[in-house]
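Turn these sequences into a full structure, and let the hints steer you where they fit.
Just so you know, the protein sequences line up as chains A and B, in that order.
Numbering-wise, the first sequence is residues 1 to 227 according to our numbering.
Numbering-wise, the second sequence is residues 1 to 255 according to our numbering.
In short, the hints are calculated from the structure, not lab data.
The reader is advised that the hints may include incorrect statements.
Simulated pairs of lysine-lysine, DSS-like, Cα-Cα distance not exceeding 25 Å [said to hold, decoys possible]: (1) 125(A) with 71(A); (2) 124(A) with 192(B); (3) 127(B) with 125(A).
Over the 12 Å line for every Cβ pair with chain A, so calculated as not near, a few chain B residues [what the hints assert, rightly or not]: (4) 62; (5) 71; (6) 113.
Quick reminder that beta carbons are idealized off the backbone N, C-alpha and C, glycines included.
Residues per chain, in single letters:
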Amino acid sequence: MIECRNITYTWPGNREKALDDISFVIEDGTCAVFEGPNGCGKSTLFRILLGLSFPDQGTYLLDGETITQEKLKHEDFSRAFHQKIGFIFQNSEVQLFCDSVENEIAFGLYQLHLPQEEITNRVKKALGEFHLEDLRQRAPFNLSGGEQKRTAMAAVFAMEPKVIVIDEPLSGLDEDGQAFVRSFLRAKRDAGTTLIVATHNRELADDLANVRIRMDRTHRITDIRKV
Amino acid sequence: MNMNLRVMRLIAAFTDAETRGSQNAQSRISPALRLVVCILTILLCSLSRNAFYTVCVIAVLLMVLAMMPAKAVRRAAEKLPLPVLMTALLMLPAVFLGSPRSLVTVTMKVFCAILCLSLLNEKASWKELTGALERFHAPELFIMTLDTTVRFFVLLGRWSNRMLEAISLRRVGEKNWKNAGMGGVLGTTWLKSQRMVQASTEAMVCRCFDGTYKKTGFPKETTKQDRQRNVLANAVFALVIPALIAGFVLTQKAV
Numbered sequence: 001m002i003e004c005r006n007i008t009y010t011w012p013g014n015r016e017k018a019l020d021d022i023s024f025v026i027e028d029g030t031c032a033v034f035e036g037p038n039g040c041g042k043s044t045l046f047r048i049l050l051g052l053s054f055p056d057q058g059t060y061l062l063d064g065e066t067i068t069q070e071k072l073k074h075e076d077f078s079r080a081f082h083q084k085i086g087f088i089f090q091n092s093e094v095q096l097f098c099d100s101v102e103n104e105i106a107f108g109l110y111q112l113h114l115p116q117e118e119i120t121n122r123v124k125k126a127l128g129e130f131h132l133e134d135l136r137q138r139a140p141f142n143l144s145g146g147e148q149k150r151t152a153m154a155a156v157f158a159m160e161p162k163v164i165v166i167d168e169p170l171s172g173l174d175e176d177g178q179a180f181v182r183s184f185l186r187a188k189r190d191a192g193t194t195l196i197v198a199t200h201n202r203e204l205a206d207d208l209a210n211v212r213i214r215m216d217r218t219h220r221i222t223d224i225r226k227v
Numbered sequence: 001m002n003m004n005l006r007v008m009r010l011i012a013a014f015t016d017a018e019t020r021g022s023q024n025a026q027s028r029i030s031p032a033l034r035l036v037v038c039i040l041t042i043l044l045c046s047l048s049r050n051a052f053y054t055v056c057v058i059a060v061l062l063m064v065l066a067m068m069p070a071k072a073v074r075r076a077a078e079k080l081p082l083p084v085l086m087t088a089l090l091m092l093p094a095v096f097l098g099s100p101r102s103l104v105t106v107t108m109k110v111f112c113a114i115l116c117l118s119l120l121n122e123k124a125s126w127k128e129l130t131g132a133l134e135r136f137h138a139p140e141l142f143i144m145t146l147d148t149t150v151r152f153f154v155l156l157g158r159w160s161n162r163m164l165e166a167i168s169l170r171r172v173g174e175k176n177w178k179n180a181g182m183g184g185v186l187g188t189t190w191l192k193s194q195r196m197v198q199a200s201t202e203a204m205v206c207r208c209f210d211g212t213y214k215k216t217g218f219p220k221e222t223t224k225q226d227r228q229r230n231v232l233a234n235a236v237f238a239l240v241i242p243a244l245i246a247g248f249v250l251t252q253k254a255v
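Now the structure itself:
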């Protein structure tokens, strides 16, 4: 379960708050869709959920445990935290840094210190699930936008996180790519993975959301609606 | 005349076979072995005290280059003129100081080194070369830094190119648009590089990065016959190493 209590955040050097008194609860196995105009604070909130930024005020809890900067400095805690929660960037190009698709997928698995056999199996499974078998030896930064997105997703899903945060999952994808991502996310939600999605796409929100959370330009949550 | 034709046909057949089977030929010889031979060649040429050894090595390298497809020859040849001319220019004072041989020797050594690296570049991909470094137990983090640096060069190059295209489209009719936009392109590329580095770092943190960087090393599916051919090809190629050293020793004794 993810819980945010009265979170407030201001970017260093800015006076205006990027997040103002944000509170919500996301139950396990549900899909929460964040909606709102550009610049309303969705990405900043995601950074906090991922432990990349820390709130000035308020508390962020993952499975009942408060996540703080101090705790994330400990390697074991940090590894356990990042294994639980994965992130797929809007721009996949910067998320991919290995020399081949298969190494990209294996990267996170090596960080988890899994046995080689387990890594091999998970990489093969991810390559199959995301139709990347033919691209396994290709350099990720030379792939098309859709292929990069699939590689980024394969790399994150192979780590089998409990929670997945996705920023604009359909951006830069053609119709087939959108249909694939949509059905894949739906299947993952139905299988019990918690999804936190930011999107401007109403169809996707209607399709996936169990909870719709609306933010506005005041950087506050204006509406939380269970579907 | 007939003899010439036969020789030409033989070379054509050999080059054709090399081109058609380029993937096989490239994969048979280990990139690590190629890297060792390349470094050794450059090292021995640099240490050589006479031009004869360098001339012999250049002759062999040019022969290898001549066997390659036209596109590869062009790519390799494109890299040569600038460093060679720069070296010649820098060594020009040596002629006036009474050591004209230094100009020739050093320029040839630079030519040899660039040619050698160009051939290595044509025969082994960047990925194979970093894989070869791993075999020599180079630190994983060092290899990753190299990988990432090259990737960023490519991405930022693409980014700058797109920006230049955008500027050219917005400055239709202006002759000096390239110069006018250069400062902006460089500045924006610099800012973009910082953002990309931050995003990449965060992506790595999100995937539990703790300094470990390993490659999957999935075994390639090969038949026994393939493996035997690989061993044979590598063994034959490895003979280049004693040949290089023997040639070096013999030519240095002759000085």
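Tested hints:
The hinted pair formed by residue 125(A) and residue 71(A) fails the criterion: a straight-line CA distance of about 33 Å is larger than 25 Å. The straight-line distance between the Cα atoms of residue 124(A) and residue 192(B) is roughly 34 Å, outside the 25 Å bound, and the hint therefore fails. A distance of roughly 23 Å separates the Cα atoms of residue 127(B) and residue 125(A); the hinted pair therefore holds under the 25 Å criterion. The claim that residue 62(B) is not at the interface with chain A holds, since no C-beta of that chain comes within 12 Å of its own (minimum 31 Å).
Against the 12 Å criterion, residue 71(B) stays outside the reach of chain A, whose nearest CB is about 19 Å from its own CB. Annotated as non-interface, residue 113(B) keeps its C-beta farther than 12 Å from every C-beta of chain A; the closest such distance is 25 Å.
Taken one by one, the earlier hints fail for this structure at numbers 1, 2, listed in ascending order.
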